[in-house]
Each structure stands twice: as structure tokens, then as C-alpha cells.
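Protein chains in written order, with my numbering: chain A, 1 to 85; chain B, 1 to 384.
Treat each hint with caution, since some may be false.
Unchecked claim - Below, a list of computed lysine-lysine pairs in the DSS-like style, where the Cα atoms sit at most 25 Å apart:
#1 B:K249 / A:K80
#2 A:K78 / A:K6
#3 A:K25 / B:K166
#4 B:K123 / B:K295
#5 B:K337 / B:K304
#6 A:K6 / B:K375
#7 A:K25 / B:K163
#8 B:K59 / B:K86
#9 B:K123 / B:K226
#10 A:K78 / B:K163
#11 A:K80 / B:K375
#12 B:K375 / A:K25
#13 B:K187 / A:K80
#14 B:K382 / A:K25
#15 A:K25 / B:K384
#16 B:K166 / A:K78
#17 B:K123 / A:K25
#18 B:K163 / A:K18
#19 B:K187 / B:K320
#20 B:K184 / A:K6
#21 A:K80 / B:K184
As the list claims (entries may be wrong) - To give an idea of the interface, some chain A residues facing chain B are shown, with a C-beta separation under 7 Å as derived from the structure:
#22 F37
#23 V38
#24 L82
No lab work stands behind these hints, which were simulated from the structure alone.
We treat Cβ as the ideally placed atom computed from N, Cα and C, and that holds for glycine.
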Amino acid sequence: MLHETKVTVKIPRPLYRKVQLVIEKSGFSSPTDFIVFVLRDLLGEAERKGPAPAEKAADTIEPNEDFSATDLEAVKQKLKNLGYL
Amino acid sequence: MIAPHGGRLINRVVEGAERDRLLGLAPKLPKVVLNAREMADVDMIAVGAMSPLEGFMTKADYDSVLARRRLAGGLPWTIPIVLAVKPDASAESYKEGQDVALETQDGQLLAILHVASKWKMDKGDEARKVLRTDDAAHPGVGYLATLGDTYLGGTLSVVNRLKYEKYNNRRLDPVETRTLFKQKGWKTIAAFQTRNPIHRAHEYLTKVALEIVDGLMLHPLMGETKSDDVPADVRMKCYEALLASYYPKERTALAVYPQAMRYGGPSEAVLHAICRKNFGVTHFLVGRDHAGVGKYYGSYDAQKIFDEYAPGEIGINLLKFENSFWCKRTGGMASTKSSPAGPEERVELSGTQVRDMLRAGTLPPPEFSRPEIAKILIDAMKAK
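Okay, chain B solo, but in the shape it has when bound (with noise of 0.2 Å):
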């Protein structure tokens, strides 16, 4: 079984007579409601998803993530996963030293924040260091400017597991994920993380993995995304319609991946890696784009940034796919690295192309979508 990143799967959950004791401190102390992205991360923090982190960045992993890529101890870490002062809250209130109650919106307690650590942010130098750029209309710095300019750092003590409304049924903690591949014997495991519905394309980037590996996750991000990017119960039908008609049922596994997005490009792909490894997974999908937004990174950012470690520090091994496509020479999936057609050969649709069909009813070719996956998106989109 591949280790957890750091070598120890974190565990944060406390019980029994502690976790009385914090819910009786609870009610006494200063508080924070965390946001929808801060209350995933308590959670994957909580159960080792996000190993080695024990809780919220201090200044010193912080500052090392922005400036190396790396955690103080050297690991390598790409993105902040930090706690922000809420902008209508004095900073003043929140002291080094003391604790702190993190409540979800609706005034759940979650877990308690032992401050190791506060101090002041710049959210253009962060933007530009993780980000790679300060551009407003960039949905991460969009975030960015909701929170105040305070962050706090410190383990965690979680004494509630965030409570889910949606796919219970599909949530597996790592130790969950990890008891699963060893039930079932696989020794090999490839992840394939998205924020989409699975055309064509991206089946064959996961057929193809499973040539190589024991076993398939696919293990879609269902935290917070985009208001435009498809809702998640609609992606949630199209990944069970897309396993039950086109995978081999006993090596394929659907689980939720319950982190937000950040749309953070290269700098994502390596979070995204790192937490998969912790779920268990060995190999890792990286395609183009991966975890990109508009024009903001180069196609192939999120597999180059890989290259700035040396091998075995991220731990997990990548695969790397460019483009891929429906080929009519080869008449099979193909991709620039596969097939030797040129672009009039290829059955390649933009993605405003696949909406204006998919509005007016229209099935897309079956080379580039599966039927039953356009017809759930087709629905939606009347129902809208």
C-alpha cells in the first residue's frame, strides 16, 4: 500500500472524554463560520486527506508553500489551505496562544483551531505565487477578495464530521479507499479527478490507465465549483450511467472527492495528486488543463510543474495524456501522441459547440459523447 504523503495518514477526529471536554470549552470561545471551501478542508484535514497537514497553515508552511512550493519541514505543497479571518470580524479578537470554536453557517460546531499562528496576508502576492496571476476575473482571486486579510494557523481538533446533504453513499474517507483497494486486491490504483461530465475523451484517458493498473477511481470533485460548471447532481448521473453501460464493474470504484476547487492550474494538479495518494490511489490522470480556467494557464502547465520535483518527492506516479479524440483514420480513440491524422480528421467538439447542441436538443456525435450521457445532460438543460 503506497504511504500517505509525510508517511502517516493524520487522524485529528478526537473522542471519548477529550472530545467532551472541547464540546463543553466550545460554547466559550471566539469563533469562526467557515465558508463552504474552509469547511471541506476541516473535514479532508480531519481524516488524513490532506496528510500531512494537521489543520490550517501556519506562517512558516505558508510562506514556504509560496515561496518553494514546499511545507517548512520540505514536503512539496503547491497551494495555501489556510483560514481567514471573516472580513466583518475584528482580527483582534483571535490571539496566538488561544483556541478557537469553527462553526459551519448554519451554527454546527465542527472543530476546535488551536491558534499556533496569525498574521497578515497579501492577497496579490498570493494570487500571483500560487494563482500565477492577480487577474480579478479569475474565480480563485475572485475568492480571494471575499476574505478579510487575517489568516490563523494551528492543528485541529475536530469533534463533529462535517455532515453531508448529497452522495453519502459515495463518500469514503482514505482509510475507507485504502480498506477498499485491499479487499479487493489492487495493488495498482489510477485516479481520474473531475470537474466535468466524461465524453469520450476523457473515458479513453481512463481506459487507458486501466490497461495499466489493478484498478479505477474515478473520484470526481464535488466541493464547491463555479456557478457555470455543471451541477453536480447532473455530473453524479453521468458518472453512474457512464460506469454501469461502460467499465468493467469489479475494477472500477465511484467515490466523491469533497474538496473546492481552486482553479489553481499546475498548482491544483499537485494538491489534487498529493490527496489521492493519501486516499491510497498510486497512479494519477493528468490531462490538459488540468484544474485550468479560461485562458489563464498553458495546456500542458499541470504535468510540467510535476517536473520541478525530484522523482518519487510527490510520490505518486503520473499519467501524463495530451488531447485525445475520436480518429476517423484510425476509426478508434486516439490522441496527437497515438495517431498520426491531422485535425480535419478528428471528431473534436468545442465545449460552446457541445452546449448550443446539447441546448437545442441535438445529440452529439457518438464518437464524441456517449448517448445515455448526453441525454442526462439534454434533460438538465430543459429542466433549467
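Chain A extracted, bound-state conformation (with noise of 0.2 Å):
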């Protein structure tokens, strides 16, 4: 049997409908993939005011001489929050 590697949450209603209007021309395809953004924007923030992580030292990209730790660090919490890490 496939491993289920998605839950159910049950929301109030009304918060519901809100979300459906507030996703109107969003770009958001449902109100579940605006509800997973919102939720990983929130955890990411909680992470990055906790300790910093280990990887924080450095990595380099080197996209150009401007481009400083912290803001790879941005970068990377974008990427997570987005979902692509």
C-alpha cells in the first residue's frame, strides 16, 4: 500500500469561503495550495527567529560579488517557505 503523504484539515466554514474570496486572481489554483503557502510563510518565519542552523556558516553561490550570507539565507528560507526545498 502507497504511503499517504497528504492530511486532511478541517477548517471552519466561513474562514473557508473567506479564503476562497481572498484567493480570487491570486494566482493561488485552490484555496488548499493558499492555505499550505500561508502555513509554510508561518513556519519559516518561526524557524528563522529560532537558533540559527548549522549551514548558516557558508555556501557559496556566487551569483555576483554583492550577494552577501544572510541574504543566501533569505534565499533559501524563500525556497523553503515556497516549497521547492
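Join these two chains into a complex; the hints should help.
Shown next as C-alpha cells:
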């Protein structure tokens, strides 16, 4: 049997309706996509405020000389928040 | 990591005191209200997606691109990236050496253009050299007709990034895609450019690419397209559905390519390849009639143009594909390169046939289109 990678979470229907209104013409294809995006963003924020990760020290991407370690961390966090990493 | 075109990823976004200074200056400057193509160009230049460009082309670069498909410094480049004075504005309002505020159509300041060059262009000459036609029915020629006849060139200082209404969760700058590839451990990355829904034939090309590289970036063009192209919203649904069911999640990424279509066929294929290199892509797929429209280009002109450059000059590996199809004899996807079958043994449908089927609510054969994709397209046609 395949391992299920997603779970169902119940939210109040009025809140769901509000989400439906918010995502109209927003580019999110469903309330679920929007809610996953928001949760990832919030959890990412919480992680940022937590202890600095060990990997923070150095990881060169070298796109140009102006790109700092702080910038790199912000990019990694965005990629995590968007579900790419 | 592959080097950007010209060796350095350009960053024209200004911050801090310099940004404050320019914001204070902007209201006193002459302005140009940008069209959709120009707005996307500004945003791509800002983050290095069109490196080594640091702004709209000057006359030297423009003339060089038209004459020899290279920037004035010698780097390959095939499409002018230019800013035109609007037809209803006086070209006399703008002077070389002057700063000009560039605004969106709803009055948002995007950037300051430091005008280094101003010149009168010849629309017919540009069309013939870049688009290989001056036929008014070609959408690129039609676009030129909407412009004024004076170009302004110079570097940009971008004070505000363009705010997009859609797909913000799919928009990655070059520095972000490069970081993504690094974090994923992908050393070789293929990018697939498309402005259409992906059916089995194009899926096959991406799968072939995926067999030889570490990762695949589906990089659909979501900038301005012709009004009769499939709408971006519908296409995005198709891409998401296809990736969800038919690709390995850990080896694929979907991100928006924000440039506007030029319909420049071969010229545009080179531009697409160069820009993907800036995003960190190492392999670029070029199929039949890439970026073409109508019958203006030969089926493989967009592959042949790369032969005009010395090996390594473009700097990205080209994956050239011929027309692909479901082959009844071999029982799989194939192309004329890999199957001995004749046309009668291929499952191929013309664009018109597919549109007619979808309009009638009929699913094309699964050998042509995944049913999930066909259903999205049928629903979109019903909703029209």
C-alpha cells in the first residue's frame, strides 16, 4: 500500500469561504494551495527566529560579488517557504 | 555552477540612500509609461535574467545586434531589448545625459533610466533583420507598429520591483533558481520553454532530457502572448497537473519565465537560451519551430541559428529535438530520429484538430494528451 503523503485538516466553513474570496485572481489555484503557502510562510518565519542553523556559515552560490551570506539565507528561506526545498 | 552570460550576474536593484535619492528625484523627471513587454524587460534586467544587459540597449548595441547578432562588445545576442518613446509623446522631451522615470501603466515608479543614447529607428529594418519578415500580420511586426520611432537606451536603476498579480509562488529570480539548483545538488539542469499546454510529445522531450541531466526546470513563458494563445491561468493548471502525476517531484521544478513573447523564431530561441543560462540552466531544449508563429520560419531554423556561433560562445548545451509522436509500431513515444515508422503509424494531431476535439468536449487519444490535461483544456473552453 502506498504511503499517504497528505492529510486532511478541517477548518470552519466561513473561514474557507473567506479564503476563496481572497484567492480570486491571486494565482493560487485552490484554497488548499493558499493555505499551504501561508502555513509554510508562517512556519518559515518561526524557524528564522529560532536558533541559527549549522549550515548558515558558508555556502557559496557566487552569483555576484554583492551577494552576502545573509542574502543567501533569505533566498533559501524563500525557497523553503514556497515548497521548492 | 554555469557562469551567467558575460560572466557576472547583473543586479540593477538599488537600495538604501541611493534608492531614497532617486525616489526624491523621480517626480521632477520626464517619464515614460511602460507597456507590458517593457515592464517585464525592466524586471528581468533588474535581477540579471538578461545579463550582461544593465539597461535598455544603446544605439551601439542595437546596431550591432541587428547587423551581426552580437552586442557591441561581441557577446552573442539576437533580439533588441529596447525602450521606445510612446507615439503620443514628443521625442524632443527626452535628451541624452538625462534621467527618465519609468512607470507602470497604473503609475507605479519602477526605475530610473540614465539615458545614454537616443536614436530614430527604422521599424522595417528591425523587423526584417530580427523577425525575418516585415509582414504586418506577424505579431512581432504588429507590435513594432504600435511603438513610436525613437528609442532611448541606457543603464537602469530599479527602485521598485514589478508587482505581479499572479503566480507569485512560482516566481524565482536567477539568484533563486541558482540557489535552488545548488541546494538540490543538481549540477546539470535542463530547462523547457513553452507557451502552450504540454501534451505527450513535449512531455517526451522533457523526459528524454531528464534521462541525462540531474534536474528539469519547467520554465513556461508567462509574459505577454498573443490573444489566441492558451491563457496563462489554464496553462499553469496544466503544468501543475502534469508535474503532479507524471514527473518525479524531487527532480523537477516549475517556475515562471516572465518575458513577453516576440514570436521571433530563431532569434528568440537564442535569447531564450541565453536568459536560461543566467538562471543557472546548463541544458536548453529546442524543438521544432521554437518561438515560431504561422509559416514564417522553417521547422528547424531555431536550431540552425546556433551554428552561427563558435562552440561555447552561447555557453549552454543545446538539446535539439525533432518532431515527436506516439509510434504505433514501436509502442512508445518516438521521433523521426528514433523510429522507422512512417506517418501512417504515428498518432499526431494538428493544432486545429485538437482544438476542434476539445471544443466538442472530446478527449484526444491518451497517446496524444494526458487525460488530466485534456480535461483542464475542455473545461476552459466550456467556461469561455
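Violations among the numbered hints:
11, 17, 23
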